[in-house]
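Protein chains: 2
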Amino acid sequence: MSSLEISSSCFNQETKLLLSPPLAEGSAFEPYRSNQIMPPMPGIKKKRHFLSEECEPLRGDMDEVEEKSKDIINFTAEKLSVDEISKLVISPLCGAISLFVGTTRNNFEGKKVISLEYEAYLPMAENEVRKICGDIRQKWPVKHIAVFHRLGLVPVSEASIIIAISSAHRAASLEAVSYAIDTLKAKVPIWKKEIYEESSSWKRNKECFWASNN
Amino acid sequence: MSSLEISSSCFNQETKLLLSPPLAEGSAFEPYRSNQIMPPMPGIKKKRHFLSEECEPLRGDMDEVEEKSKDIINFTAEKLSVDEISKLVISPLCGAISLFVGTTRNNFEGKKVISLEYEAYLPMAENEVRKICGDIRQKWPVKHIAVFHRLGLVPVSEASIIIAISSAHRAASLEAVSYAIDTLKAKVPIWKKEIYEESSSWKRNKECFWASNN
Numbered sequence: 001m002s003s004l005e006i007s008s009s010c011f012n013q014e015t016k017l018l019l020s021p022p023l024a025e026g027s028a029f030e031p032y033r034s035n036q037i038m039p040p041m042p043g044i045k046k047k048r049h050f051l052s053e054e055c056e057p058l059r060g061d062m063d064e065v066e067e068k069s070k071d072i073i074n075f076t077a078e079k080l081s082v083d084e085i086s087k088l089v090i091s092p093l094c095g096a097i098s099l100f101v102g103t104t105r106n107n108f109e110g111k112k113v114i115s116l117e118y119e120a121y122l123p124m125a126e127n128e129v130r131k132i133c134g135d136i137r138q139k140w141p142v143k144h145i146a147v148f149h150r151l152g153l154v155p156v157s158e159a160s161i162i163i164a165i166s167s168a169h170r171a172a173s174l175e176a177v178s179y180a181i182d183t184l185k186a187k188v189p190i191w192k193k194e195i196y197e198e199s200s201s202w203k204r205n206k207e208c209f210w211a212s213n214n
Numbered sequence: 001m002s003s004l005e006i007s008s009s010c011f012n013q014e015t016k017l018l019l020s021p022p023l024a025e026g027s028a029f030e031p032y033r034s035n036q037i038m039p040p041m042p043g044i045k046k047k048r049h050f051l052s053e054e055c056e057p058l059r060g061d062m063d064e065v066e067e068k069s070k071d072i073i074n075f076t077a078e079k080l081s082v083d084e085i086s087k088l089v090i091s092p093l094c095g096a097i098s099l100f101v102g103t104t105r106n107n108f109e110g111k112k113v114i115s116l117e118y119e120a121y122l123p124m125a126e127n128e129v130r131k132i133c134g135d136i137r138q139k140w141p142v143k144h145i146a147v148f149h150r151l152g153l154v155p156v157s158e159a160s161i162i163i164a165i166s167s168a169h170r171a172a173s174l175e176a177v178s179y180a181i182d183t184l185k186a187k188v189p190i191w192k193k194e195i196y197e198e199s200s201s202w203k204r205n206k207e208c209f210w211a212s213n214n
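Heads up: the sequence lines are chains A and B, in that order. Position one of the first sequence corresponds to residue 1 (the UniProt record's numbering), numbered consecutively onward. Position one of the second sequence corresponds to residue 1 (the UniProt record's numbering), numbered consecutively onward.
This is chain A alone, in the form it adopts within the complex (with noise of 0.2 angstroms):
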């Protein structure tokens, strides 16, 4: 399967985020570069959260009106805490919270790897990770989803992902972080560059579901 081969760019926080991108003429699914599509970055305590639904204030007493769902769905260049995203999730309601937590490995096919660089199409990411969310309400009842995705370099060791989703019983949490993480490798526009000691590349994820088309 070849990697998909595109210049570099210089990523940066002060970017600026188009509001109706257009696709890249000649590839649906060449990604805009950073300077085009990342939106400002907001820290972590003032990030942008995309709510499926309405939220409702924690509530103790189990009788009272039940708390909505949250699908919260995050692309950020700040470093992504597990502590403060499994937070995002716990509800009263819930017995179980299952986690998944991508990191930088310092070596790939051989070769020691420095740091990763992600970029996303941002549109067309959070669409994606938004059908993720609902494909899993139709399979499992949970409760809070959170995905954060964090852009930019991510060194060895730190985090590029985490998904966290509460659920009353742990099968339905289980089992649907699995079919987060399986699904968004396979279908969100996310590229990533390897920094290798001497070189770098960009390439999609070899799971996407267009990578077989090339």
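Calculated directly from the structure, the hints in this document are not laboratory data. Just to be clear, a hint being listed does not mean it is correct.
Which copy? The list can't say, so a pair holds if one copy fits it or any two copies do.
Unchecked claim - In silico lysine-lysine, DSS-like type, Cα no more than 25 angstroms apart, as pairs: (1) K68 to K112; (2) K185 to K203; (3) K87 to K112.
No experiment lies behind these values; they were computed from the predicted model shown.
Fit chain B to the known structure of chain A by using the hints.
Frame of chain A; chain B shown alone:
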């Protein structure tokens, strides 16, 4: 399935460990009371670690001696931290960390739960968790395994158990975490007391292997 009803006891952190605790007369599976079996409960920063192998310091260079695998098993009265436990399994060799967090739900069979109280037959519980770690290593190529169980009172929405497993690729840690929590529920002698608004009762886990014997 009937629940195991036993008298309540006051859990405290100043209890002593019986070095060779005998089984309770009349029932091989009657839980030891906390004042018989609980060791002094160290804080999260000075917790007891049972390492299956010696630990090597993390090395940045993948050409150096490979970092050894760790099984970190801890029963503690301290509040559990997802962040601290996930950090214990980070490895530069790994691209995946999967976690399961079991939390106290605010309801059980239509009754409002105030908190849960956990007790374990500690020597057997530790052995069983160690066996589960061994089984996992037979089945999946995982790197580090951390299993932390809180004992004593666990209020609604707080964690009673956190399992974190790292692996080079995600399938191994995702499958291993599911196996770990399923097997722990079935095999590890841990009892929980559900404390309702107006009553309480001790129960073994309904999935435990001796549940059908009574």
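Consistency of the hints with the structure:
With identical chains, the CA atoms of K68 and K112 are at most 25 angstroms apart between copies only, with a shortest distance of 19 angstroms across copies and 45 angstroms within one. Taking the shortest Cα distances, K185 and K203 sit within 25 angstroms of each other inside one copy (12 angstroms), while across copies they are farther apart (41 angstroms). Taking the closest pair of Cα atoms, K87 and K112 come within 25 angstroms of each other only across two copies (22 angstroms); inside a single copy the shortest separation is 34 angstroms, beyond that limit.
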